[in-house]
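These are the residues of each chain, in order.
There are 2 protein chains.
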Amino acid sequence: MHQQAIDKPNTSPRHPDAQAGFARQLDQRITHHLSQLAPAPARLVEAARDAMSSGKRLRPYLLHLVAGDAADRDAVLDMAVALEMVHTASLIIDDLPSMDNALLRRGRPTTHARFGEATAILTAIGLLNHAVSIANGLPRMDAVQRGALVAILSGVMGWQGLVAGQELDLNGFSDADHTGDALDRITRINALKTGALLCAAVEAGAILGGRADGERSLLRRFGEDLGQAFQIADDLIDMLSDSTAIGKDVGKDAGKETYLAVFGAEEALRRCRALLASADAALVGAGLSPEPFRCMIDAIFTPMLDRVPAAQQQAGAAR
Amino acid sequence: MHQQAIDKPNTSPRHPDAQAGFARQLDQRITHHLSQLAPAPARLVEAARDAMSSGKRLRPYLLHLVAGDAADRDAVLDMAVALEMVHTASLIIDDLPSMDNALLRRGRPTTHARFGEATAILTAIGLLNHAVSIANGLPRMDAVQRGALVAILSGVMGWQGLVAGQELDLNGFSDADHTGDALDRITRINALKTGALLCAAVEAGAILGGRADGERSLLRRFGEDLGQAFQIADDLIDMLSDSTAIGKDVGKDAGKETYLAVFGAEEALRRCRALLASADAALVGAGLSPEPFRCMIDAIFTPMLDRVPAAQQQAGAAR
Numbered sequence: 350m351h352q353q354a355i356d357k358p359n360t361s362p363r364h365p366d367a368q369a370g371f372a373r374q375l376d377q378r379i380t381h382h383l384s385q386l387a388p389a390p391a392r393l394v395e396a397a398r399d400a401m402s403s404g405k406r407l408r409p410y411l412l413h414l415v416a417g418d419a420a421d422r423d424a425v426l427d428m429a430v431a432l433e434m435v436h437t438a439s440l441i442i443d444d445l446p447s448m449d450n451a452l453l454r455r456g457r458p459t460t461h462a463r464f465g466e467a468t469a470i471l472t473a474i475g476l477l478n479h480a481v482s483i484a485n486g487l488p489r490m491d492a493v494q495r496g497a498l499v500a501i502l503s504g505v506m507g508w509q510g511l512v513a514g515q516e517l518d519l520n521g522f523s524d525a526d527h528t529g530d531a532l533d534r535i536t537r538i539n540a541l542k543t544g545a546l547l548c549a550a551v552e553a554g555a556i557l558g559g560r561a562d563g564e565r566s567l568l569r570r571f572g573e574d575l576g577q578a579f580q581i582a583d584d585l586i587d588m589l590s591d592s593t594a595i596g597k598d599v600g601k602d603a604g605k606e607t608y609l610a611v612f613g614a615e616e617a618l619r620r621c622r623a624l625l626a627s628a629d630a631a632l633v634g635a636g637l638s639p640e641p642f643r644c645m646i647d648a649i650f651t652p653m654l655d656r657v658p659a660a661q662q663q664a665g666a667a668r
Numbered sequence: 350m351h352q353q354a355i356d357k358p359n360t361s362p363r364h365p366d367a368q369a370g371f372a373r374q375l376d377q378r379i380t381h382h383l384s385q386l387a388p389a390p391a392r393l394v395e396a397a398r399d400a401m402s403s404g405k406r407l408r409p410y411l412l413h414l415v416a417g418d419a420a421d422r423d424a425v426l427d428m429a430v431a432l433e434m435v436h437t438a439s440l441i442i443d444d445l446p447s448m449d450n451a452l453l454r455r456g457r458p459t460t461h462a463r464f465g466e467a468t469a470i471l472t473a474i475g476l477l478n479h480a481v482s483i484a485n486g487l488p489r490m491d492a493v494q495r496g497a498l499v500a501i502l503s504g505v506m507g508w509q510g511l512v513a514g515q516e517l518d519l520n521g522f523s524d525a526d527h528t529g530d531a532l533d534r535i536t537r538i539n540a541l542k543t544g545a546l547l548c549a550a551v552e553a554g555a556i557l558g559g560r561a562d563g564e565r566s567l568l569r570r571f572g573e574d575l576g577q578a579f580q581i582a583d584d585l586i587d588m589l590s591d592s593t594a595i596g597k598d599v600g601k602d603a604g605k606e607t608y609l610a611v612f613g614a615e616e617a618l619r620r621c622r623a624l625l626a627s628a629d630a631a632l633v634g635a636g637l638s639p640e641p642f643r644c645m646i647d648a649i650f651t652p653m654l655d656r657v658p659a660a661q662q663q664a665g666a667a668r
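For the record, the sequence lines run as chains B and H.
The first sequence begins at 350 in my numbering and counts up one residue at a time.
The second sequence begins at 350 in my numbering and counts up one residue at a time.
Hint data in this document are derived by calculation from the structure and do not stem from the laboratory.
It cannot be assumed that every hint is accurate.
A pair counts as met if it fits within one copy or between any two copies, since identical chains are not told apart.
[What the hints assert, rightly or not] Distance condition first, Cα-Cα at most 25 Å in a straight line; then the derived SDA-like pairs of lysine to any residue:
id, residue 1, residue 2
1, 605, 387
2, 405, 365
3, 405, 385
4, 605, 395
5, 405, 656
6, 605, 391
7, 605, 388
8, 605, 531
9, 605, 463
10, 405, 587
11, 405, 368
Could you put together the complete structure from these sequences and hints?
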């Protein structure tokens with residue numbers, strides 16, 4: 350079902366408009382929050398502004414969609430800013446010379462390339478802490494809800510989130526990490542590096558939208574599947590594209606154990622689509638109107654997968 | 350008054366015993382919290398354990414003293430662990446190659462020297478997030494208090510805390526930072542780099558001990574003065590000692606604008622003692638029994654200032 354959706358051109362202009370409208374509101378709220386940073390050192394504030402100035406705003410929009418229209422609008426926007434700060438911090442960290450050593454991100458110099466490594470690290474930590482401050486300071490919010498939102502943010506970056514994913518991605522598993530086979534290892538790293546933040550967006554949206562526990566567990570599966578699909582698509586692009594086309598350094602995965610490297614492009618494309626279909630089923634099962642989600646997912650995945658012409662052809666021939 | 354205390358040998362064995370007893374309890378609680386990190390990558394957990402394995406435990410003990418015996422013992426210990434995690438994370442960050450590039454800390458290899466730069470950065474971020482998790486998850490705690498404790502932690506590392514201090518210390522002030530003279534700049538950096546965490550310890554203790562607002566503002570001044578004194582003493586040691594004697598890399602301040610560099614060793618020593626006296630007065634004004642604080646401060650500053658023989662002699666001759 351969803352497979353069709355990502356293969357077809359989008360015929361409804363309403364959802365892209367809604368997404369663009371939300372992105373504008375989000376950008377305004379990001380500007381507002383960054384203007385509150387003074388008297389922080391001007392250089393740090395400039396680095397934070399630069400790092401936060403662009404992005405697909407996928408996680409904030411996901412949060413917004415899951416929360417629904419009945420949720421507190423200001424709280425949704427504030428929490429969306431907090432999530433985007435965590436996401437941005439994670440990209441700054443990933444790009445560092447001691448990690449992926451990337452000089453280009455979203456078509457522009459990475460934070461350390463422009464502001465130096467020390468300022469980049471400090472900016473990332475500042476953004477992480479500020480995200481917690483935003484969630485912890487949400488007004489008109491039940492204390493239990495606020496605590497749950499803080500827990501999502503501190504968890505997603507932590508030992509069972511992005512930090513763990515990045516460590517395993519860079520330095521691999523040690524014997525004490527009790528890993529299974531290659532698929533287990535790849536799935537775990539993708540869950541930690543990509544799924545964790547998507548799940549955080551979905552879970553924060555579920556809290557703000559007052560969703561029931563049953564819906565939440567399906568929404569969590571939606572986030573997990575979407576994360577796995579996203580990472581596979583990203584790996585395909587990293588292998589098959591050149592950096593000018595996608596605006597970030599590529600070829601960084603050479604030698605890494607990815608789904609693509611282990612199972613090949615055709616199987617990776619098939620798996621990506623199967624995951625998107627599974628994500629879609631979870632969404633429908635949770636009782637959310639799937640159209641705006643599908644539209645957003647199409648907008649991300651169609652151009653990503655369209656950049657995999659050879660693999661796509663193979664997959665088409667194998668169907 | 351306090352000047353006498355730090356010049357005299359300590360005659361009361363009770364307080365050092367109490368401090369050592371608290372440190373043992375704290376170490377047990379640190380071990381407990383670190384054992385909760387699994388299934389985090391084993392290498393990250395090992396790096397966290399290594400980084401947290403030693404230290405003066407000054408901030409935790411300050412928190413404990415300010416909280417008093419009537420406070421919830423478990424909450425004090427948990428919050429003390431959280432503060433020590435933030436402190437440890439800040440040291441890991443400060444020592445990085447792109448910052449102070451230090452290979453030795455507390456007589457042992459720094460985290461990046463032993464585990465590599467990427468793991469060091471990830472460990473620091475993991476510790477920061479875990480500290481927030483601990484505060485946010487404190488049981489038997491009023492939600493407002495819990496929120497206040499989370500705010501202390503996210504604030505101390507953030508744009509108006511350690512991250513700002515480190516940025517200014519490394520890259521200096523820009524025109525947009527609206528600084529005053531050298532003394533203003535030095536005081537601000539010291540407040541951000543050293544005072545912020547001592548104030549955080551004192552404020553967390555005040556919250557856990559249910560101290561009144563009037564007491565809290567005096568306790569805050571105590572923390573600020575102690576922070577300024579501590580940084581001046583640390584600068585004196587950095588200039589005058591060798592690394593084997595103090596267990597960390599020295600000479601890192603060469604060329605930096607410190608109180609010592611601008612005003613000289615004699616004035617720095619005088620200022621350090623004046624700040625300790627002011628801190629002591631604030632403590633007495635807040636109505637806390639000053640003896641255990643004095644004992645702790647003596648134990649820190651006497652050996653520090655005793656390592657400044659030339660400067661101390663000059664100061665003695667000038668009296």
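| said: Which constraints among the numbered hints does this structure fail? Numbers only, ascending. | reply: Structure breaks no hint.
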